[in-house]
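> Each chain is listed here by its residues.
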Amino acid sequence: MAIKLNVNDKEVQLDIKPDTPLLYALRNDLELNGPKFGCGVAQCGACAVLVDGKSVRSCVVPVNAVVGSKIVTLEGLGSPEAPHPLQAAFVKEQAMQCGYCANGMVMTAAAFLQKNKNPTDEQIRTALSRNLCRCGAHNRIVSAVGEAARSYREGESS
Amino acid sequence: MTTRRSFLQGTGAIVLYFNMVPTSVLGQQVAAGSNLPESLVANPSLDTWLRIDADGLVTLSPGKCELGQGIQTALAQIAAEELDVAFDRVRVAAVDTATSPNEAYTNGSRSVEVSGAAVRAAAAEVRDILVGLAADELAVERNKVGVANGVFTVDGSASKIGYGAVVADLQLARNATGSASPKSQDSYRLVGQSLQRIDIPRKVFAESAYIQDIRMDGMLHARVVRTGDREAKLLPPTDFSAVSRLPGVVKIIRDGSFLAVVAEREEQAVKAAKALVRLCHWDTAKLPMQSPTINEWLKKAPADVRVVAESGAVGSAEVARTVSANYSRPFQAHASMSPSMSIAQKSGDQLTVWSHTQGAFLMRGAIAKLVGLDEENVRLIIAEAAGCYGHNGADDAAADAALIAMHMPGKPIRLQWSRADEFLGEPYGSAMTTRISAGLDANGQIVDWQYDVWSGTHSIRPAGAKRAGHLFAARQIAQPLPAAPVGNIPQPRGGGDRNAVPLYAFANQRITKRLIPDMPVRVSALRGLGAYMNVFAIESFMDELAHAQGEDPISFRIRYLADKRAIGVLEKLREQMAAAGFDAVVAPAGVGIAMARYKNSGAYCAVAMRVVVDTETGQLKLDRALCAADIGLVVNPDGAINQIEGGVIQSASWTVKEQVRLGLNGVTSTDWASYPILTFPEVPLVEVALVDQSNEPSLGSGEASQGPTAAAIANAVANATGKRIRDLPLTAARIKKS
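Chains A and B supply the protein sequences, listed in that same order. Going by this note's numbering, the residue at position 54 of the first sequence is 54; the numbering climbs one at a time, nothing skipped. Going by this note's numbering, the residue at position 15 of the second sequence is 15; the numbering climbs one at a time, nothing skipped.
The set of hints was computed from the structure by calculation and includes no laboratory data. Fair warning: there could be bad hints in the mix.
[Unchecked claim] No farther apart than 25 Å at their CA atoms in a straight line, the calculated lysine-lysine pairs in the DSS-like style are these: (1) A/17 to B/251; (2) B/736 to A/17; (3) B/233 to B/160; (4) B/657 to B/723; (5) B/736 to B/621; (6) A/115 to A/54.
[As the list claims (entries may be wrong)] Output of the computed footprint for chain A on chain B, the stretches with three or more beta carbons under 8 Å from beta carbons of chain A: (7) 60 to 71; (8) 195 to 204; (9) 413 to 419; (10) 569 to 576.
The C-beta atom is built at its ideal place from N, Cα and C for all residues, glycine as well.
Chain A extracted, bound-state conformation:
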């Protein structure tokens, strides 16, 4: 069955079943590396993508639920040439060890910063409270999100 998706501003058509988890469509059919398989039950956050600007867990979202929505993955957020402020901040703060959770951190934070442009560290921690990191890079991640928020604001005021 043909499923039409809008991913990173591109229309794609996939011949897959409507209940296929979005994560598998993105990783296996579209060969995107951003969203990661971590738990398959929406507990860890590694698979997060933006759907119409909201951070969702693509491992539990069937593709037919996002037909007509704008899906953005880590690839669509920015590039080495034109990095999203969060991507630049994660590099600057060296905000990871293995980095497997980083996709979820960046995508969750991207949605959060749209709603809160001047967050406290505590608000950042709360926003990321359902994203797991096993290496202990939490404090660097909080710093990176705060750094990105600052550069967002400076970008808007300039």
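Chain A is already provided as a structure; the job is to place chain B on it using the hints.
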């Protein structure tokens, strides 16, 4: 229907174990007088380590794996330093048994020490060879030639040629001789700098960075179906034909009690595996203990008892008072963020396996044995997964993929474990219990110290053909491999007894290890091995003694220390504590400290933790951690700090939250809800200070902070509440009850 059977049945009561000499494969016993680092002795040909192309681009090929610890960056810094090229001119190749040097396992926080030493010597020698070629090319005396940024200099002025111009004549298929001297530290320009990690951009920009990102034409998706008990037997009826008719299912593979399904698409494999679970009946063993009874079980279990260290004469001193205490930790999981996976492909008589194992060459032997191929026909290619923190499911998943691929010649098989497969299948960090008894003289001085540790093994790595029996699937297949003997890592490194010998100088002491070879669940190396528990116990007990005598815990420790570097980190910590206002903390907050030297031969680390305890609910808030570490020469300070900081947080998670839950029928921790870890709002702030010891050899930083963090938290809780908790984890329920 499940029948009951003793878990010991069929395996024998006590399996003999072997003494692991962890790096024997490297030929550590080098010929006397060799001036080469051990990895270079084992892999002497320079071309296994370094290649330089006509553009002067350097490819470094170490035998150590990137695990998220930043080792590729640190080694690239060392290579760029010695070769006098810009840092961004060095690429680092992933480990591949076809091309890489054999550096055995990437473990024990020894990669900078061991691989770093080899890279330093190899790069210095290659530079020396290149300088010789340039002297010929430029027709000048060799001693006039230097190198800056990959360009040769003559009498300090840049020449017209760089490395690329002479590589056509560069012959690196020759053995290292150790003839070239590495640079002196005072001329370092890259080593010691916090250069950004080379792997982070590709991770942040979603380029291909992980084994999960490898996609191959015609790749099929596989899942295994099993319980957490590798001795469990699949019972009849085993008619799976209904599942084989599900959409996309290509094959159901059954070999004894090894069961897997292969499908065209991943979600098809997931569905088929779920359908198989419903059809399977397993004969699985009941556990001989559950979570609340682990300690009693450990103390009664058949054990190999040996005194691992003894000095003075225990019992000989005049003792006014004896103080004793028991401590424990539960089984704890690596709980890597990425469930293990592997890709395997059989082509003709060759099997290629892509894996995130820590030991490519050793896995090659184990897999060859498991699938019945000659070792030279098996190739392991390493790609990074999420952090593993020791022996997690990586090796078992690689073995699963290999078994499946053998049934499906030509097809690349991508085997992915589920989250539950990982929690149930990974070998855990062993539950442990310890007993300390100290004899104090009339002045309160410790004059007698007896320490007993009960532990399962910390080494069941499938290290080559002889240890292939450790693989999960090895016991499932119709012709099972004999269960390999469990490993006993002897002192001075130790396994369960790692850091059981205190760094403190006690006049009379005896340390006894009780290794329980036959554990009810699989156990192996989890970051720090026994050091986490032993440092927790010793450093808790030292605090108890200091407190009983009304003495400052740092001064109390220093009185028993002869090691100046250990004293150094404690004094540094004292400064940090004063600057952070940790001296002025009052209940319900509390501060605790602890210190250890990892393995008694690695990095020194002292930790202070400030906590706030709600005595009504037992809720524990980890507020802020300070950490002083001495890791000798630091290659990349930010990378080292990242490791130490991460170690504090991971250990804090183990210490206040983590335990693998055991029920009658087996492990019941199968997901993040039943195995919770520390979350963002619960993570303490962490500040790490590195003590400058750049004239000392580098010491790995990855496992230094876990033990001290555990004890610092327990000591902080005791100082905040007046109650001592000696059993991990320090849950709210335990704090409330205490």
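> Are the hints correct? Go through all of them and say.
Comparing the hints with the structure gives:
no. : hint           : in the structure
1   : A/17 to B/251  : holds (21 Å)
2   : B/736 to A/17  : violated (51 Å)
3   : B/233 to B/160 : violated (71 Å)
4   : B/657 to B/723 : holds (18 Å)
5   : B/736 to B/621 : holds (14 Å)
6   : A/115 to A/54  : holds (10 Å)
7   : 60 to 71       : holds (count 4)
8   : 195 to 204     : holds (count 7)
9   : 413 to 419     : holds (count 3)
10  : 569 to 576     : violated (count 0)
The earlier numbered hints that this structure contradicts are 2, 3 and 10.
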